[in-house]
Amino acid sequence: MASESRDVDAEVPHSSRPSLAMWLAFVLMAAAILAVWLSRGVRPRLPDRPPLIGQIAPEIRVQGWINGPGPTPEELAGKIVVLDVWAYWCGPCRAAAPELIALYNKYKERGVVFLGLTEEDSSALEQSRRFVAETKLTWPQGYGAGETIEELEVHWIPQLFVIGPDGRIAWDLSSGEPIEQVLDRLTRSG
1 MASESRDVDA EVPHSSRPSL AMWLAFVLMA AAILAVWLSR GVRPRLPDRP PLIGQIAPEI
61 RVQGWINGPG PTPEELAGKI VVLDVWAYWC GPCRAAAPEL IALYNKYKER GVVFLGLTEE
121 DSSALEQSRR FVAETKLTWP QGYGAGETIE ELEVHWIPQL FVIGPDGRIA WDLSSGEPIE
181 QVLDRLTRSG
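The sequence shown: position 161 = 161 (the UniProt record's numbering), numbered continuously.
Hints in this document: simulated from the structure, not taken from any laboratory.
Cross-link-like lysine to aspartate or glutamate pairs, in silico, EDC-like; alpha carbons within 16 Å at most:
(1) 108 - 75
(2) 106 - 180
(3) 136 - 99
(4) 108 - 180
Cβ pair distances, simulated, as ranges:
(5) 189 - 108: 17 to 27 Å
(6) 130 - 156: 14 to 24 Å
(7) 130 - 177: 31 to 41 Å
Glycine residues also receive a C-beta, built at the ideal position from the N, C-alpha and C atoms.
Work out the full structure, taking the sequences as your base and the hints as a guide.
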(Lines of atoms letter the chains of each structure in order from A and count residues from 1; the text may use other names and numbers.)
(Lines give C-alpha, C1' and ligand atoms only; values in the text may rest on other atoms or scores of the structure.)
Protein backbone atom coordinates (compact mmCIF):
# COMPACT_ATOMS: atom_id res chain seq x y z
CA MET A 1 0.00 0.00 0.00
CA ALA A 2 1.31 3.28 -0.96
CA SER A 3 0.71 6.00 1.49
CA GLU A 4 0.32 9.56 0.38
CA SER A 5 2.24 12.12 2.28
CA ARG A 6 1.25 15.75 2.34
CA ASP A 7 3.72 18.50 2.66
CA VAL A 8 1.95 20.62 5.26
CA ASP A 9 4.59 23.33 5.06
CA ALA A 10 3.84 23.81 1.37
CA GLU A 11 0.28 24.93 2.08
CA VAL A 12 -0.21 28.65 2.33
CA PRO A 13 -2.56 29.59 5.15
CA HIS A 14 -5.43 31.87 4.21
CA SER A 15 -5.20 35.14 6.09
CA SER A 16 -8.35 36.40 7.74
CA ARG A 17 -6.93 39.92 8.02
CA PRO A 18 -8.42 42.58 5.75
CA SER A 19 -6.29 43.47 2.78
CA LEU A 20 -4.56 46.81 2.38
CA ALA A 21 -6.86 47.58 -0.55
CA MET A 22 -9.92 47.03 1.64
CA TRP A 23 -8.55 49.36 4.35
CA LEU A 24 -7.70 51.98 1.75
CA ALA A 25 -11.20 51.73 0.29
CA PHE A 26 -12.68 52.19 3.76
CA VAL A 27 -10.55 55.27 4.48
CA LEU A 28 -11.38 56.80 1.10
CA MET A 29 -15.10 56.18 1.61
CA ALA A 30 -15.00 57.73 5.09
CA ALA A 31 -13.13 60.75 3.70
CA ALA A 32 -15.72 61.16 0.97
CA ILE A 33 -18.56 61.06 3.51
CA LEU A 34 -16.82 63.63 5.71
CA ALA A 35 -16.14 65.85 2.69
CA VAL A 36 -19.85 65.78 1.86
CA TRP A 37 -20.71 66.70 5.46
CA LEU A 38 -18.22 69.55 5.41
CA SER A 39 -19.26 70.94 2.04
CA ARG A 40 -22.98 70.28 1.89
CA GLY A 41 -24.03 70.05 5.49
CA VAL A 42 -25.55 66.55 5.34
CA ARG A 43 -27.11 65.91 8.72
CA PRO A 44 -26.21 62.74 10.59
CA ARG A 45 -28.92 61.71 13.05
CA LEU A 46 -27.98 60.79 16.59
CA PRO A 47 -30.81 59.47 18.74
CA ASP A 48 -31.41 60.91 22.21
CA ARG A 49 -28.93 63.73 21.76
CA PRO A 50 -30.14 67.18 22.75
CA PRO A 51 -28.98 69.87 20.36
CA LEU A 52 -25.79 71.60 21.46
CA ILE A 53 -26.26 74.54 19.13
CA GLY A 54 -26.72 77.68 21.20
CA GLN A 55 -25.31 76.19 24.38
CA ILE A 56 -22.24 77.64 26.10
CA ALA A 57 -19.19 75.66 24.98
CA PRO A 58 -17.26 73.92 27.73
CA GLU A 59 -13.91 75.29 28.79
CA ILE A 60 -11.08 73.67 26.81
CA ARG A 61 -9.20 71.49 29.31
CA VAL A 62 -6.25 69.38 28.22
CA GLN A 63 -3.32 67.53 29.81
CA GLY A 64 -1.00 69.34 27.44
CA TRP A 65 -0.36 70.55 23.92
CA ILE A 66 1.29 68.44 21.24
CA ASN A 67 2.75 71.02 18.88
CA GLY A 68 3.53 74.12 20.89
CA PRO A 69 1.70 76.20 23.43
CA GLY A 70 -2.06 76.26 23.38
CA PRO A 71 -4.27 79.27 23.88
CA THR A 72 -5.44 80.46 27.26
CA PRO A 73 -9.15 80.98 27.94
CA GLU A 74 -8.47 84.72 27.83
CA GLU A 75 -6.94 84.40 24.35
CA LEU A 76 -10.02 82.53 23.12
CA ALA A 77 -12.53 84.99 24.57
CA GLY A 78 -14.45 86.75 21.80
CA LYS A 79 -12.90 84.56 19.07
CA ILE A 80 -14.52 82.26 16.55
CA VAL A 81 -13.10 78.78 17.19
CA VAL A 82 -13.18 75.70 14.97
CA LEU A 83 -12.72 72.70 17.23
CA ASP A 84 -11.69 69.38 15.67
CA VAL A 85 -11.96 66.18 17.76
CA TRP A 86 -9.77 63.33 16.50
CA ALA A 87 -7.69 60.28 17.47
CA TYR A 88 -4.38 59.06 16.06
CA TRP A 89 -5.88 55.65 15.20
CA CYS A 90 -8.89 57.12 13.35
CA GLY A 91 -8.63 56.64 9.57
CA PRO A 92 -11.43 59.10 8.77
CA CYS A 93 -9.68 61.70 10.98
CA ARG A 94 -6.53 61.28 8.92
CA ALA A 95 -8.50 61.44 5.67
CA ALA A 96 -10.24 64.66 6.77
CA ALA A 97 -6.95 66.51 7.38
CA PRO A 98 -6.60 68.02 3.87
CA GLU A 99 -10.13 69.48 4.07
CA LEU A 100 -9.37 70.95 7.50
CA ILE A 101 -6.09 72.43 6.28
CA ALA A 102 -7.91 74.08 3.36
CA LEU A 103 -10.50 75.47 5.79
CA TYR A 104 -7.75 76.72 8.09
CA ASN A 105 -5.92 78.43 5.23
CA LYS A 106 -9.14 80.12 4.12
CA TYR A 107 -10.16 81.47 7.55
CA LYS A 108 -7.01 81.99 9.64
CA GLU A 109 -6.48 85.52 8.25
CA ARG A 110 -10.07 86.36 9.22
CA GLY A 111 -9.26 85.72 12.88
CA VAL A 112 -10.76 82.24 13.15
CA VAL A 113 -8.87 80.12 15.70
CA PHE A 114 -8.46 76.40 15.01
CA LEU A 115 -7.90 73.87 17.79
CA GLY A 116 -7.63 70.10 17.73
CA LEU A 117 -8.42 67.84 20.67
CA THR A 118 -7.80 64.18 21.33
CA GLU A 119 -8.96 62.13 24.27
CA GLU A 120 -5.71 60.17 24.16
CA ASP A 121 -3.55 60.90 27.18
CA SER A 122 0.21 61.08 27.67
CA SER A 123 0.52 57.29 27.27
CA ALA A 124 -0.25 57.76 23.55
CA LEU A 125 1.61 61.04 23.13
CA GLU A 126 4.15 59.71 20.61
CA GLN A 127 1.42 58.25 18.39
CA SER A 128 -0.53 61.50 18.64
CA ARG A 129 2.58 63.56 17.78
CA ARG A 130 3.21 61.34 14.77
CA PHE A 131 -0.43 61.77 13.62
CA VAL A 132 -0.16 65.58 13.89
CA ALA A 133 3.17 65.62 12.00
CA GLU A 134 2.02 63.23 9.26
CA THR A 135 -1.27 65.06 8.69
CA LYS A 136 0.47 68.48 8.78
CA LEU A 137 -1.98 69.98 11.30
CA THR A 138 -0.17 73.17 12.32
CA TRP A 139 -2.68 74.72 14.71
CA PRO A 140 -2.63 73.83 18.45
CA GLN A 141 -3.49 70.21 19.22
CA GLY A 142 -4.41 69.29 22.79
CA TYR A 143 -4.14 65.80 24.26
CA GLY A 144 -5.83 64.33 27.33
CA ALA A 145 -8.99 66.33 26.56
CA GLY A 146 -11.42 63.60 27.59
CA GLU A 147 -13.36 65.79 30.01
CA THR A 148 -14.00 68.50 27.39
CA ILE A 149 -14.83 65.92 24.72
CA GLU A 150 -17.31 64.23 27.07
CA GLU A 151 -18.98 67.59 27.82
CA LEU A 152 -19.31 68.11 24.05
CA GLU A 153 -21.11 64.75 23.90
CA VAL A 154 -18.87 63.46 21.14
CA HIS A 155 -20.07 59.97 20.18
CA TRP A 156 -18.06 59.53 16.96
CA ILE A 157 -14.98 61.03 15.37
CA PRO A 158 -13.94 63.00 13.55
CA GLN A 159 -16.22 65.66 14.95
CA LEU A 160 -16.13 69.40 14.32
CA PHE A 161 -17.62 72.30 16.22
CA VAL A 162 -17.71 76.02 15.62
CA ILE A 163 -17.80 78.16 18.72
CA GLY A 164 -18.98 81.71 18.14
CA PRO A 165 -17.42 84.84 19.63
CA ASP A 166 -20.14 84.73 22.32
CA GLY A 167 -18.72 81.40 23.56
CA ARG A 168 -21.74 79.43 22.36
CA ILE A 169 -21.68 76.44 20.03
CA ALA A 170 -22.73 77.82 16.65
CA TRP A 171 -22.31 74.69 14.53
CA ASP A 172 -21.48 70.99 14.58
CA LEU A 173 -21.51 68.29 11.92
CA SER A 174 -25.19 67.57 12.55
CA SER A 175 -26.25 71.20 12.03
CA GLY A 176 -27.45 70.79 8.46
CA GLU A 177 -25.60 73.86 7.22
CA PRO A 178 -22.20 73.96 5.48
CA ILE A 179 -19.44 74.99 7.88
CA GLU A 180 -18.17 77.66 5.47
CA GLN A 181 -21.58 79.33 5.45
CA VAL A 182 -21.50 79.59 9.26
CA LEU A 183 -17.90 80.84 9.30
CA ASP A 184 -18.68 83.42 6.61
CA ARG A 185 -21.66 84.68 8.58
CA LEU A 186 -19.74 84.84 11.88
CA THR A 187 -16.70 86.57 10.37
CA ARG A 188 -18.91 89.17 8.64
CA SER A 189 -20.83 89.98 11.80
CA GLY A 190 -17.77 89.99 14.05
